[in-house]
Amino acid sequence: EAQVTQNPRYLITVTGKKLTVTCSQNMNHEYMSWYRQDPGLGLRQIYYSMNVEVTDKGDVPEGYKVSRKEKRNFPLILESPSPNQTSLYFCASSLSPQGMDTQYFGPGTRLTVL
Amino acid sequence: RKEVEQDPGPFNVPEGATVAFNCTYSNSASQSFFWYRQDCRKEPKLLMSVYSSGNEDGRFTAQLNRASQYISLLIRDSKLSDSATYLCVVFTGGGNKLTFGTGTQLKVEL
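Respectively, the protein sequence lines represent chains L and U.
Count the first sequence with this note's numbering and you get residues 84 to 197, in order.
Count the second sequence with this note's numbering and you get residues 43 to 152, in order.
Hints are computed from structural coordinates only; laboratory data are not their basis.
Heads up, some of the hints might be wrong.
Below, computed lysine-lysine pairings styled on DSS-like, alpha-carbon distance capped at 25 Å [claimed, not checked]:
#1 Lys154(L) x Lys87(U)
#2 Lys139(U) x Lys154(L)
#3 Lys87(U) x Lys139(U)
Chain U residues, not near chain L, derived (Cβ > 10 Å throughout) [unchecked claim]:
#4 Val61
#5 Leu116
#6 Ser125
Each residue gets a CB set at the ideal place from its N, CA and C atoms; glycine is no exception.
Please put together the full structure from these sequences, using the hints given.
Right, dumping it as structure tokens:
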């Protein structure tokens with residue numbers, strides 16, 4: 084089954100404790116992105132990647148890091164999480180550049196930073 | 043002004059009704075337009091792309107008005123299963139940017 088998976092789905096952590104949210108897709112897509120969704124603000128792009136070892140900042144990259152060492156994986160790293168990073172996070176992938184093709188989203192990761 | 047604006051709703055309509063949502067965008071250079079559907083904090087899923095000539099998929103019709111910079115979504119014969127939040131999405135090639143609206147909530151009632 085074609086899908087985007089994220090882990091963990093739910094996470095409660097404390098300020099400053101490094102964490103990684105994994106994202107994996109099995110569709111051989113070149114393009115992958117991370118978004119956060121907050122009430123009243125909609126989905127905002129954090130980072131995107133056009134291919135292995137090629138990443139670029141989105142609208143809200145501060146406090147986040149990403150890496151793309153393999154085509155299928157695009158982990159999101161919070162080196163020192165803070166309460167304002169409490170949010171619902173979605174990973175997405177697409178075959179073509181993001182404006183030309185369907186974005187396939189993972190199920191989401193609900194993160195709470197205390 | 044927000045780059046993509048939608049009326050948050052909720053739109054409460056009876057089953058069988060026709061309902062329309064609009065979405066306005068601020069960047070006249072925007073190139074591609076989409077409607078996504080999101081159920082109760084689950085992942086968004088593509089409902090349909092929006093083409094310049096307008097397009098229809100079953101009970102759903104999407105239209106683009108470049109002069110006035112808005113797109114619309116019309117749902118005919120609403121079903122209970124149409125209850126969801128509908129996200130307007132706009133792509134601007136110059137900045138390689140995909141911008142999501144905050145969504146319009148639809149509730150279809152018996």
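Of all the hints given earlier, name the ones this structure violates by number, lowest first.
Hints that this structure does not satisfy do not exist here, as all of them hold.
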